[in-house]
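Turn these sequences into a full structure, and let the hints guide you.
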Amino acid sequence: MTAYLAQGVGNPALNIGIFAGFVVLTLAVVIYVGRSNKTASDYYAAGRSFTGPQNGIAIAGDYLSAASFLGIAGAIAVNGYDGFLYSIGFLVAWLVALLLVAELLRNTGKFTMGDVLSFRMRQRPVRAAAATSTLVVSFFYLLAQMAGAGALIALLLNIPNSNTLGQGLVIAAVGAIMITYVLIGGMKGTTWVQIIKAGLLLVGAAVLTVFVLGRFGFNFSDILGQAVTNSPKTGEAILGPGLQYGADTASKIDFISLALALVLGTAGLPHILMRFYTVPNAKEARRSVVWAIWLIGIFYLFTLVLGYGAAALVGPERIRNAPGSTNSAAPLLAFELGGELLLGIIAAIAFATILAVVAGLTITSAASFAHDVYANVIKKGEAAPDEEVKVARRTAIVIGVVAIGAGILARNQNIAFLVALAFAVAASANLPTILYSLFWRRFNTMGALFSIYGGLISCVLLIIFSPAVSGRPTSMVKDADFALFPLANPGLVSIPLSFLLGIVGTYVGSREKFNGEKFAEMEVRSLTGAGSEKAISH
Amino acid sequence: MTAMDRYSTREGTVYEQVQASAEFVELRRRLRGFVFPMSAAFLVWYLAYVLLATFAPAFMATKVTGNITWGLIIGLLQFVSTFVITTLYVGYANNRLDPVAERLRLEIEGNEK
Numbered sequence: 001m002t003a004y005l006a007q008g009v010g011n012p013a014l015n016i017g018i019f020a021g022f023v024v025l026t027l028a029v030v031i032y033v034g035r036s037n038k039t040a041s042d043y044y045a046a047g048r049s050f051t052g053p054q055n056g057i058a059i060a061g062d063y064l065s066a067a068s069f070l071g072i073a074g075a076i077a078v079n080g081y082d083g084f085l086y087s088i089g090f091l092v093a094w095l096v097a098l099l100l101v102a103e104l105l106r107n108t109g110k111f112t113m114g115d116v117l118s119f120r121m122r123q124r125p126v127r128a129a130a131a132t133s134t135l136v137v138s139f140f141y142l143l144a145q146m147a148g149a150g151a152l153i154a155l156l157l158n159i160p161n162s163n164t165l166g167q168g169l170v171i172a173a174v175g176a177i178m179i180t181y182v183l184i185g186g187m188k189g190t191t192w193v194q195i196i197k198a199g200l201l202l203v204g205a206a207v208l209t210v211f212v213l214g215r216f217g218f219n220f221s222d223i224l225g226q227a228v229t230n231s232p233k234t235g236e237a238i239l240g241p242g243l244q245y246g247a248d249t250a251s252k253i254d255f256i257s258l259a260l261a262l263v264l265g266t267a268g269l270p271h272i273l274m275r276f277y278t279v280p281n282a283k284e285a286r287r288s289v290v291w292a293i294w295l296i297g298i299f300y301l302f303t304l305v306l307g308y309g310a311a312a313l314v315g316p317e318r319i320r321n322a323p324g325s326t327n328s329a330a331p332l333l334a335f336e337l338g339g340e341l342l343l344g345i346i347a348a349i350a351f352a353t354i355l356a357v358v359a360g361l362t363i364t365s366a367a368s369f370a371h372d373v374y375a376n377v378i379k380k381g382e383a384a385p386d387e388e389v390k391v392a393r394r395t396a397i398v399i400g401v402v403a404i405g406a407g408i409l410a411r412n413q414n415i416a417f418l419v420a421l422a423f424a425v426a427a428s429a430n431l432p433t434i435l436y437s438l439f440w441r442r443f444n445t446m447g448a449l450f451s452i453y454g455g456l457i458s459c460v461l462l463i464i465f466s467p468a469v470s471g472r473p474t475s476m477v478k479d480a481d482f483a484l485f486p487l488a489n490p491g492l493v494s495i496p497l498s499f500l501l502g503i504v505g506t507y508v509g510s511r512e513k514f515n516g517e518k519f520a521e522m523e524v525r526s527l528t529g530a531g532s533e534k535a536i537s538h
Numbered sequence: 001m002t003a004m005d006r007y008s009t010r011e012g013t014v015y016e017q018v019q020a021s022a023e024f025v026e027l028r029r030r031l032r033g034f035v036f037p038m039s040a041a042f043l044v045w046y047l048a049y050v051l052l053a054t055f056a057p058a059f060m061a062t063k064v065t066g067n068i069t070w071g072l073i074i075g076l077l078q079f080v081s082t083f084v085i086t087t088l089y090v091g092y093a094n095n096r097l098d099p100v101a102e103r104l105r106l107e108i109e110g111n112e113k
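Residue numbers (the numbering used here), protein chains in the order written: chain A, 1 to 538; chain B, 1 to 113.
Hints in this document: simulated from the structure, not taken from any laboratory.
As the structure is a prediction and not an experimental result, all values here were calculated from the model.
One should not assume that every hint holds.
[Stated by the list, open to error] The calculated EDC-like cross-link candidates involving lysine to aspartate or glutamate, where the alpha carbons are at most 16 Å apart (straight line), are:
| no. | chain 1 | residue 1 | chain 2 | residue 2 |
| --- | --- | --- | --- | --- |
| 1 | A | LYS283 | B | ASP98 |
| 2 | A | LYS534 | B | GLU102 |
| 3 | A | LYS518 | B | GLU16 |
| 4 | B | LYS63 | A | ASP222 |
[To be verified] Now the stretches of chain A that chain B is said to cover, found in silico as 3 or more residues with beta-carbon under 8 Å:
| no. | stretch |
| --- | --- |
| 5 | 78-92 |
| 6 | 223-232 |
| 7 | 236-247 |
| 8 | 253-260 |
| 9 | 295-308 |
| 10 | 528-534 |
[Said to hold, decoys possible] Under 10 Å between C-beta atoms, here's a sample of chain B residues computed to sit facing chain A:
| no. | residue |
| --- | --- |
| 11 | GLN17 |
| 12 | PHE34 |
| 13 | PHE79 |
| 14 | TYR89 |
Just so you know, even glycine gets a beta-carbon here, dropped at the ideal spot from N, CA and C.
What follows is the structure in structure tokens.
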């Protein structure tokens, strides 16, 4: 590792310089658009004034996190085909959002996931549950992003993992910038940061992809051939599945569990759901998903080329031994192709990615706390909107500080794995409840509480007792073994369980009087958009 | 007959009346008739792919042309099917859902004022 560092992976000053350029540009935009933040609807939902394509790009920005860019490219470079499997799950998942969730949610809700889940239920318990699961999912996701920030710092600024103080300071600086975005810009500012970042990321990845293909005469088969030659340990195995997940039956089932969590998790991610409120109506929500699907799909095709390209041009051994390990595949490839300058650009983009995603997560969590917990649970729906936004801003600061602390602690965790856990919790706690409340007439308060808390608790418990947390050399806790559950990803158990608990809870709570009026309002609203929240113009 | 006349003479809220109307029932049938089977189809297709990758790795690693394997082709077909389903849904929603939804929305919102 030190030998490689000595060769230099770019110029830290240049990396910081390009990144600082991004921060200055985005801060200027955030301050500019933040001036028009007057109402709660401005702060949480950007006045619902973004167009479908704008929001689609912002969704791509929110979704293509460090895990997608650095994690998947790295996984393909080292584990070959198994890394590609991740991206397929991440993409196909968008069909759930497109067909079953996005438009109906936009028509029914106001600011948060809790608005939809509690629409025809008893407000306080369901909102509290929705906010709890929002905060847990966002926390796992935040952890992943901050861990990614640590890995990137290690690589780009030449601050090794052993230098906790140095890395901690950089993570704190990242957190402080992010808090500034959220405080000043609200949803509007955060959305523009996402749009700028998504544009840079897509263009950066496209340029790298063309460079890689150009090196091989635009023949993808030749890239694969060179990747095989360059991977002496694994050889042709990188061209087929099984390298990472094919060792034994347990790891195969683990993979199926992961695949399920990926495909069902996206439409339950609160920070993605909240994006649908930033457009004026359901039709624009649909357009935004369509844009997001195309952009995300094309991006994953790029990462396929970049991953195998990194194996072919950099080699899995060098990637594994670099600071930042597999996460460094894309930056190393950039260095190989375009030297310090291209590395600096790609590194700054990766850093911007983390910054933007963390900002998106923070505003979602803050909105959920202020709107669901403070305004509706504590103040019973009688908080003044100004007061609510004030609480949201304060919550954003608290979450930012927590994220900084957690980021420092989570520095050495695997990014893709942490994100997969966030997806598992989202798929278990949120998606069943969302689908039931949109499509199942009899679903009631008890059913919602059973599926949210049941999915959430079973998922978190299974994670705690999984080999991901203890008992393996790769676990978080290395010197203890309380891994009673054999799978690293709990989705295979906790997702069906949550669907089942939703049904059980509905029957347990069947004494609750059926609210035909509210159900009619929700169903008609969700399908027609009548009475839905309208855009405001300034 | 205006929307006002249609709804004000009946029982229940506007939403309940619309919910019971033939037009709304048809809208719901159209939406569910498309999204439920389509969701089942893409989930089955995705699971089939995951199971193939898990339990038939040798087949997936078989080369078709050059270094391009079946696994790569089937994986890329997942991208293609996602893009195709997206496009089909947009066409269906624009032609078969939006006009009905828009008509109902205007009726209800006109009625509320």
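Quiz item: For which of the previously enumerated hints does the structure constitute a violation, in increasing order of number?
Solution: Of the numbered hints, all hold.
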